[in-house]
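So the protein lines, in turn, are chains R and S. By the working numbering, the letter at position 116 of the first sequence is numbered 116, and the numbering carries on one by one without gaps. By the working numbering, the letter at position 132 of the second sequence is numbered 132, and the numbering carries on one by one without gaps.
Since the hints were derived computationally from the structure, they do not count as laboratory data. One or more hints might be untrue.
Only pairs whose alpha carbons sit at most 30 Å apart, straight line, appear in this in silico DSS-like list of lysine-lysine [said to hold, decoys possible]:
| # | chain 1 | residue 1 | chain 2 | residue 2 |
| --- | --- | --- | --- | --- |
| 1 | S | K53 | R | K216 |
| 2 | R | K375 | S | K53 |
| 3 | R | K55 | R | K399 |
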Amino acid sequence: MSATFLGMPATPPRSPYGTGNLRGDRKFPAAAHDELRNEQLRSNLGRATHTIRAKRLHVTGELPDWEELRDAGSAIKTDTMNRLPELLEELERNVTARGGTVHWARDGVEANEIVARLVRETGSDEVIKVKSMATQEIGLNEHLESLGITAHETDLAELIVQLAHDKPSHILVPAIHRNRDEIREIFLKEIPGVDPSLDNVPAHLAGAARAYLREKFMTTKVAVSGANFGIAETGTLSVVESEGNGRMCLTLPDTLITVMGIEKVLPRYQDLEVFLQLLPRSSTGERMNPYTSMWTGVTPGDGPQTFHLVLLDNGRTAALADRIGREALNCIRCSACLNVCPVYERAGGHAYGSTYPGPIGAVLTPQLAGMHAAKDDPNSSLPYASSLCGACFDACPVKIDIPSLLVELRHQHTEQSGTTAEKLAMKAAGAVMSRPKVYTAAQKASRLGRALARDGKLPALPPPLNGWSDSRDTPAPPKQSFRAWLASAEGAAAMREASAEHTRDQQQEDGK
Amino acid sequence: MTTARETVLGRIRDALALAPAEDTPVPRAYRTGRTFPDEERLALFTDRLVDYKAQVHPCTADRTAQVLAEVLRQQGATRIGVPQGLDPAWLTAYDGEVRQDSEDIPAPGLDVLDGVVTASAVSCAETGTIFLDGSPDQGRRALSLVPDLHVCVVDLSTVEVGVPEAVARLVPERPTTLISGPSATSDIELERVEGVHGPRTLAVVIRTDA
């Protein structure tokens, strides 16, 4: 029986373990270690992220009210999360009133089943797809394929990734890890009937994709999309894109199935005036993206005459139950944080093992899918995949404090799975830091500054401290001075106190 | 049995009970309600359109037919489509074939057109964006999407300064398409390529006194 019936709130579940694309098969440091050896990848990524950074700074800098827009965007999203039940019901009511059908999915597995059933009901065995993070997250293509339904990705980058049997590595430009020569090779090998003299000029490569997909757009009866925004007040859905593949998919087929995370709802149509400024400028660094489509249910004589909206939870409610962590749900998937992140720039998107890479991925993924779902859960390494430099916070159009969320997740990880020694070390640090006098003494004694200034570094620390040392160099403190402090009365007292506090906590936990 | 709907809504209520939220007022201190003189809006809008590599043809309303004929000739468009509600006077100077769109023409049927001429609902100068809303003089969405050339007539009186001013003029229930230049991709090494799936050429005829 659900605790809901007793009037007792129950913690909502994460995305079920072993489903979808929210967990890699190894931890970030191991994955990043291999990716870092790929010089081609690093050079592609370095060039791409620097290009887009400059563009973003240019177009955000030209708006004198950029900060005010960020404030509004942040508040609208926070307000949305606070009123999520009523807004989703309002959205459902308005979509239904305009001829659409709304479905609810507890998790990715259920969403996949709903979409597959809806496709089968049309009699079609293929679908065209608009680039969508939500369907990538739940592994929709793989599920459809297992049932004999072919999903054609129509975004150029998604097509490159799909044809190469690869995985996306960036939210906005999923094939950012590939250069033009690699893309040419993929097209020559995988596109049926492609001109064998195709060269590596981007315009020619895009032309080859246009010719290949044209026939799919004209003949496929069902499209699957995600949504950037869903307006509760009017039931309007919106997709923001560049190439026109989105318009094709949203306009030409008979049936449209849209999968939308429940956090994508916005209260008012007017709110678009904020997000249509924040998103393109943060995302592609353009004043406006080439195409945005907005549709409300079904319009007789224009576009798909059957419209389904699938509202997806898949761990979003679990994130919402975390007072600090829920801020990650405000993300509008612009990818600005990826492009400014020194860790992402070097490790690339694949190292994160999730549909959502980069700084936002490092906070969103563990919240959607958990980080203690298995022994040595790869997701437990994500909060450490950051130098906490804060560039992501500055770049975020809705002001998500990603560094604080990372620290909170590190704390949760330590609380949940840290061994006694690690917890003890944390407590000791806490005990010292909370007493200014002791802290000053400790600082002085350990000569931390001097230690950092030297080039002495510790090798990888043994478990349980490798969570720290796997992702950074640990400076070696001068041995004598720290020991001297530890041996002093002050040091001993701090450790005793930490130990006692730790024992109390343990007893409390055990008594639960 | 509990439905997925009840479960998800129940989970959200549980989440908000476990971590109660504070009311968050929305500050809207960003710029709204701006008005610029005609010349300034025209200059700003033109600058943005050119930046997107759209063609811009300013003219007075009485020259609409001549300018449209000239643009279509330059583009080599001998067969064009028009929405049912387009002013027939606009094409009196054009000597090519004009096909009026209708709902029962399947989308592939639009592929034989060299181009399409439509009106527009609203535009935004600051971002160089044209809004189509499916009104009779703009037609269904497929019409302005499938042909490779889109010639769009914009009256300067419908060009707003910024995004908030433009959004305020929209009718939410209408199928709305925002167009900012021709289709483009930056998916290959972030190098911008104009023209992927939508019309590869966008020509904007701005009527400065309409």
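So which of those numbered hints doesn't the model satisfy? 2
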